[in-house]
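Undergrad: Sequence:
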Amino acid sequence: MINFFPLITGLVLTAFVADQEVTVVGWTPETKQKLLDQIAENELARKIYSQIFDQLENQDVPPQFLEGSFNHPDIYIDDEIIRRFHRPAERLSYERYRKIFVTDQRIKEGVKFYSQNKALIETVYAEFGVDPFLLVSLAGVESKYGTHAKTHLVFVALHTVIHKLPRREKWVEKEMAEFLSYCYENNVPPLSLGGSYAGAFGYGQFIPSSFRSYAVDFDGDGVREPFDWPDVLASMANYLVKNGYAKGSDNFSKDSPNWKSVYRYNPALNYVKVIFELREAIIEARG
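Heads up, the sequence shown is in my numbering, so the first residue is 1 and it goes up one at a time.
Quick caveat, the hints were computed from the structure, so don't treat them as lab data.
Beta carbons are placed, not taken as given, at the ideal position from N, Cα and C, and that holds for glycine.
Treat each hint with caution, since some may be false.
[Said to hold, decoys possible] Below, a list of computed lysine-lysine pairs in the DSS-like style, where the Cα atoms sit at most 30 Å apart:
#  : residue 1 : residue 2
1  : K108      : K118
2  : K34       : K118
3  : K254      : K242
4  : K47       : K144
5  : K174      : K164
6  : K47       : K34
7  : K150      : K170
8  : K112      : K144
9  : K47       : K174
10 : K108      : K273
11 : K273      : K254
[Stated by the list, open to error] Taking CB as the label site, the calculated pair distances span:
#  : residue 1 : residue 2 : range
12 : E57       : V188      : 14 to 22 Å
13 : E57       : A119      : 39 to 47 Å
14 : P73       : D219      : 29 to 37 Å
15 : E30       : D104      : 56 to 64 Å
16 : D37       : E284      : 57 to 65 Å
17 : L165      : P189      : 18 to 26 Å
18 : Q55       : D79       : 22 to 30 Å
19 : L165      : E280      : 30 to 38 Å
20 : I82       : R264      : 24 to 32 Å
Please construct the entire structure, taking both the sequences and the accompanying hints into account.
TA: What follows is the structure, given as structure tokens:
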């Protein structure tokens with residue numbers, strides 16, 4: 001199967017895809033200009049996408065992959081995403097914030113999730129040394145145990161930020177480049193992947209750079225799956241450990257290594273507090 005999209009005229013290279021020899025077009029100033037005309041709607045976007053293209057060229061992502069992706073009819077600028085960036089839930093008072101996550105329903109779902117995945121969770125604990133109920137709490141807050149993980153298209157979220165939030169320029173340049181590289185490397189159509197308003201995706205809600213850096217293939221199938229619990233739970237544990245979590249420790253006091261590792265997952269005090277409160281509530285509900 002040939003996975004490349006229609007070609008752009010320019011420098012011609014050769015590649016092999018699925019045992020077939022394929023003519024591949026390399027990056028030229030003309031290809032970059034054509035892609036900018038295709039995707040960018042203002043000068044800020046032209047600047048950011050130009051820098052993204054430079055990164056993708058260095059990562060050997062061919063321009064025709066982008067041409068095919070950029071032709072998608074679902075690309076648009078979503079003003080709701082901008083509103084969400086300006087009013088993130090983490091800025092609510094803690095009492096209002098906790099009411100979103102520490103609910104009777106989510107606690108029950110956490111108990112059920114642990115019971116249904118106990119063997120897997122304990123296997124992840126044996127490998128990474130991260131508290132099982134901390135992982136359960138993270139799964140509950142991040143995606144409501146997989147039921148609330150796709151509210152926006154990841155590409156549209158990042159594309160919107162590129163056009164509308166100049167203060168996020170460096171961040172979104174990196175994340176869109178990482179996202180498109182991930183899609184190319186894993187044969188994922190960029191407009192097929194759902195996630196959050198901030199471009200995070202999967203049950204663990206990793207932004208693209210974090211997924212590429214910390215996701216692991218825990219079930220050994222050769223793919224780091226963002227929507228597969230063995231890989232997701234292990235990836236969350238790996239992230240925490242790589243960010244200072246003390247393996248086997250149950251010290252979750254403020255500013256402890258374990259507390260700080262959760263803060264790095266989402267640097268908001270309300271978030272960290274609710275993660276540990278939900279963890280305690282799930283443990284208590286199990287009896």
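Undergrad: Now look at each hint and say whether the structure bears it out.
TA: To see whether the hints hold, each was checked on the structure:
1. The hinted pair formed by K108 and K118 meets the criterion: a straight-line CA distance of about 15 Å does not exceed 30 Å.
2. Using a Cα cut-off of 30 Å, the hinted pair K34 and K118 is violated, with the two alpha carbons roughly 52 Å apart.
3. About 19 Å separates the Cα atoms of K254 and K242, which keeps this hinted pair within 30 Å; it holds.
4. Of the supplied pair hints, the one linking K47 and K144 is violated, its CA atoms being roughly 37 Å apart against a limit of 30 Å.
5. Straight-line distance between C-alpha atoms of K174 and K164 comes to about 16 Å, which keeps the hinted pair within the 30 Å bound.
6. Taking the CA atoms of K47 and K34, the gap is about 14 Å. The hint holds against a cut of 30 Å.
7. The hinted pair formed by K150 and K170 meets the criterion: a straight-line CA distance of about 24 Å does not exceed 30 Å.
8. Simply put, K112 and K144 have alpha-carbon atoms about 12 Å apart, close enough for the 30 Å limit, and the pair holds.
9. Proposed proximity of K47 and K174 is supported: the alpha carbons are some 13 Å apart, at most 30 Å.
10. Taking the CA atoms of K108 and K273, the gap is about 19 Å. The hint holds against a cut of 30 Å.
11. For the suggested pair K273 and K254, the alpha carbons sit about 9 Å apart, so the restraint of at most 30 Å is met.
12. For the pair E57 and V188, the supplied restraint of 14 to 22 Å holds, since their beta-carbon distance comes to about 20 Å.
13. The beta-carbon spacing between E57 and A119, approximately 45 Å, falls within the hinted interval of 39 to 47 Å.
14. Against the hinted window of 29 to 37 Å, the Cβ-Cβ separation of P73 and D219 comes to about 35 Å, which satisfies the hint.
15. With their beta carbons about 60 Å apart, E30 and D104 fall inside the hinted range of 56 to 64 Å.
16. For D37 paired with E284, a C-beta distance near 58 Å keeps the hint of 57 to 65 Å intact.
17. At about 25 Å, the CB distance of L165 to P189 agrees with the hint of 18 to 26 Å.
18. In this structure, Q55 and D79 meet the distance hint of 22 to 30 Å, their C-beta atoms being roughly 27 Å apart.
19. Checking the proposed 30 to 38 Å range against L165 and E280 shows it holds: the Cβ atoms sit about 36 Å from each other.
20. The beta-carbon spacing between I82 and R264, approximately 26 Å, falls within the hinted interval of 24 to 32 Å.
This entry does not satisfy hints 2, 4, going by the numbered hints stated previously.
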